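There are 2 protein chains.
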Amino acid sequence: MSFSTDIKLPSKVVICEVAPRDGFQAEKEWIPTETKLEIIKKLATTGIQSMEITSFVHPRAIPQLKDAEEVVRQSQELTGIKFRALVPNAKGAQRAIDAGIKKLKLMLSASDSHSLSNANCLTKEAMDGFAPIIELADQRGVKVGGSISVAFGCPYEGIVPIERLNMIVERYIAYGIEEISLADSTGMANPRQVYNSVGQLRNNFPDMTFTMHLHNTRGMAISNAFAAMQQGIIYFDSSITGLGGCPYAPGATGNVATEDLVHTLSEMGIETGINLDTLINVAKDVRQLIGHDGGSYMLQAGPCSQLHVAPKEQLKLG
Amino acid sequence: MSFSTDIKLPSKVVICEVAPRDGFQAEKEWIPTETKLEIIKKLATTGIQSMEITSFVHPRAIPQLKDAEEVVRQSQELTGIKFRALVPNAKGAQRAIDAGIKKLKLMLSASDSHSLSNANCLTKEAMDGFAPIIELADQRGVKVGGSISVAFGCPYEGIVPIERLNMIVERYIAYGIEEISLADSTGMANPRQVYNSVGQLRNNFPDMTFTMHLHNTRGMAISNAFAAMQQGIIYFDSSITGLGGCPYAPGATGNVATEDLVHTLSEMGIETGINLDTLINVAKDVRQLIGHDGGSYMLQAGPCSQLHVAPKEQLKLG
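Line by line, the protein sequences are chains R and C.
Just so it is clear: in the first sequence, position 168 is 168 by the numbering used here, and no numbers are missing.
Just so it is clear: in the second sequence, position 133 is 133 by the numbering used here, and no numbers are missing.
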């Protein structure tokens with residue numbers, strides 16, 4: 001029996017920073033618009049190429065993101081970054097496009113019970129609601145990507161069957177969508193499941209671009225990213241300092257921290273275009289600006305490359 | 001192009017609980033012998049089959065484990081558990097065997113600088129010192145396993161070359177050792193490195209049993225375990241609540257938490273013989289007895305199987 005000694009992984013990975021949307025929306029304390037923009041501008045210095053900058057939900061639903069227009073408008077000067085915004089409905093899409101956003105992300109939940117609690121409608125009803133958004137985006141020349149929340153596990157129903165994902169992807173394809181974010185919104189996916197499910201989805205839908213949005217609620221995010229990369233996935237969301245949280249477990253970790261994911265990729269020799277040292281410094285700034293982090297290993301232990309001085313005089317080494 | 005949809009992983013994994021050695025030795029506050037034994041006895045109720053129960057180091061070097069004999073003697077009643085103890089030298093081996101331990105674990109560092117700071121000798125000198133321990137163990141009919149600290153990365157030297165591991169394994173084989181623990185003592189390994197290195201070691205030494213001792217200092221432990229399992233590794237160390245810490249990063253996470261590892265395995269359908277619910281309850285008790293945990297996702301978020309009640313009346317589901 002012979003073991004492989006050269007695992008196949010992508011040579012480059014593209015990270016989308018989602019703290020400005022998924023991180024900020026989980027914060028109870030109001031983050032002033034200028035602080036949001038300060039963080040976004042700091043993130044833009046790291047080499048990050050894409051960012052989910054806000055969500056155009058109703059201000060009553062998520063007051064923290066009521067300044068969505070202002071955040072988008074004031075970010076226009078950052079020309080090197082591809083921005084996208086989450087839109088829950090046609091009204092939100094109209095606001096987002098008017099504010100100048102060039103890419104919208106649709107949202108729905110894989111399970112009906114999560115869809116009902118999050119969007120007050122069944123998954124199929126959520127999909128029906130996409131028609132006017134896509135029509136509007138087409139008219140205005142704006143790109144649209146899809147997403148599937150609780151794609152691997154639902155906190156109310158448990159494991160999401162692959163048939164459910166197949167059904168949703170087919171519907172997205174019917175709408176002309178070419179990119180779908182598979183979101184493990186509450187950190188329930190495990191690496192075997194990710195490996196096998198992503199393999200099935202890629203076999204079933206060879207022309208679809210799948211991206212991964214992984215939460216680290218139960219410590220499995222990095223292993224899930226590793227499993228997805230083994231299936232050729234190169235697009236990953238992450239959140240600076242791990243901002244994001246989990247509504248079902250106060251204090252629990254949220255999104256995988258951008259600096260932890262980039263560190264792991266860097267250690268594996270996978271390029272991201274992001275400068276890890278700059279990123280860790282930005283993470284320190286963000287922790288200070290927000291007042292806490294969301295569970296970041298880099299902020300605790302530092303990168304592997306940061307070697308230590310041996311505590312004893314090592315004459316024998318001489 | 002076709003993607004695999006059925007990743008090959010072992011059907012069973014054996015966990016060795018190392019908190020009584022690696023966890024306790026990192027605690028500054030003295031843990032009374034009866035508390036240690038209370039924890040060991042609680043752990044024995046979870047279905048765990050093997051335990052690294054203490055280290056027979058000099059009491060001046062690690063005062064926290066000065067009660068090694070007493071801990072071993074009073075654990076003898078736990079007949080279902082395979083106990084092993086770490087021994088740094090022949091004196092320690094003598095003490096361990098006299099106390100009744102049936103399996104010794106040798107220790108050395110992969111890098112000379114870590115070996116010097118930890119054991120005040122070069123790696124090769126440490127290996128020379130094994131001869132009297134192995135002779136003694138043979139005389140007394142006690143098993144001996146090997147270990148390699150900082151096997152993947154050294155906090156002073158960085159990445160450990162595979163040639164170094166080959167050299168150490170060869171020397172262990174010359175001593176008749178059949179099992180070696182590859183210890184990522186400061187959490188510097190990444191899953192690509194683990195996959196490739198373990199593949200090489202298994203190819204080079206097909207008769208050797210390799211076990212993995214993974215720290216989660218930089219959040220990569222679960223991904224490293226997943227990588228090792230893809231190479232057929234079925235023996236893993238872990239520590240209840242993640243007790244262990246890292247001497248180079250105060251407050252940083254130590255050993256991968258037993259409950260987090262068992263949870264991931266359980267979610268992947270891999271048997272461990274351990275009851276996860278009992279284990280999580282024991283983790284809660286240990287956190288209370290020790291006064292803190294070492295970074296446990298299960299203690300924050302609970303297992304995936306613990307579903308939540310949807311917050312809204314879901315009439316549409318009916």
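Some hints could be false.
Any copy, or any two copies together, can satisfy a pair, since identical chains are not distinguished.
[What the hints assert, rightly or not] The calculated lysine to any residue pairs, modelled on SDA-like cross-linking and capped at a C-alpha distance of 25 angstroms, are: (1) K12 to N196; (2) K102 to R171; (3) K12 to A119; (4) K41 to I7; (5) K103 to F3; (6) K91 to N203.
If you're looking for bench data, these hints aren't it; they were derived computationally from the structure.
Just so we're clear, the structure is a prediction, and the values are computed from it rather than from any experiment.
Verification of the hints:
Both within a single protomer and between protomers do K12 and N196 lie at most 25 angstroms apart by alpha-carbon distance, with minima of 22 angstroms and 19 angstroms respectively. In this homomeric assembly, K102 and R171 come within 25 angstroms of each other (Cα to Cα) only inside a single copy, at 23 angstroms, whereas the closest approach across copies is 62 angstroms. For a Cα distance limit of 25 angstroms, the shortest separation of K12 from A119 qualifies neither inside one copy, at 35 angstroms, nor across copies, at 41 angstroms. Taking CA atoms no more than 25 angstroms apart as the test, K41 paired with I7 passes in neither setting, with 36 angstroms inside one copy and 41 angstroms between copies.
In the homo-oligomer, the alpha carbons of K103 and F3 never lie at most 25 angstroms apart, since the shortest distance is 44 angstroms inside one protomer and 29 angstroms across protomers. In this assembly of identical chains, the alpha carbons of K91 and N203 never lie at most 25 angstroms apart, being 35 angstroms within a copy and 60 angstroms across copies at closest.
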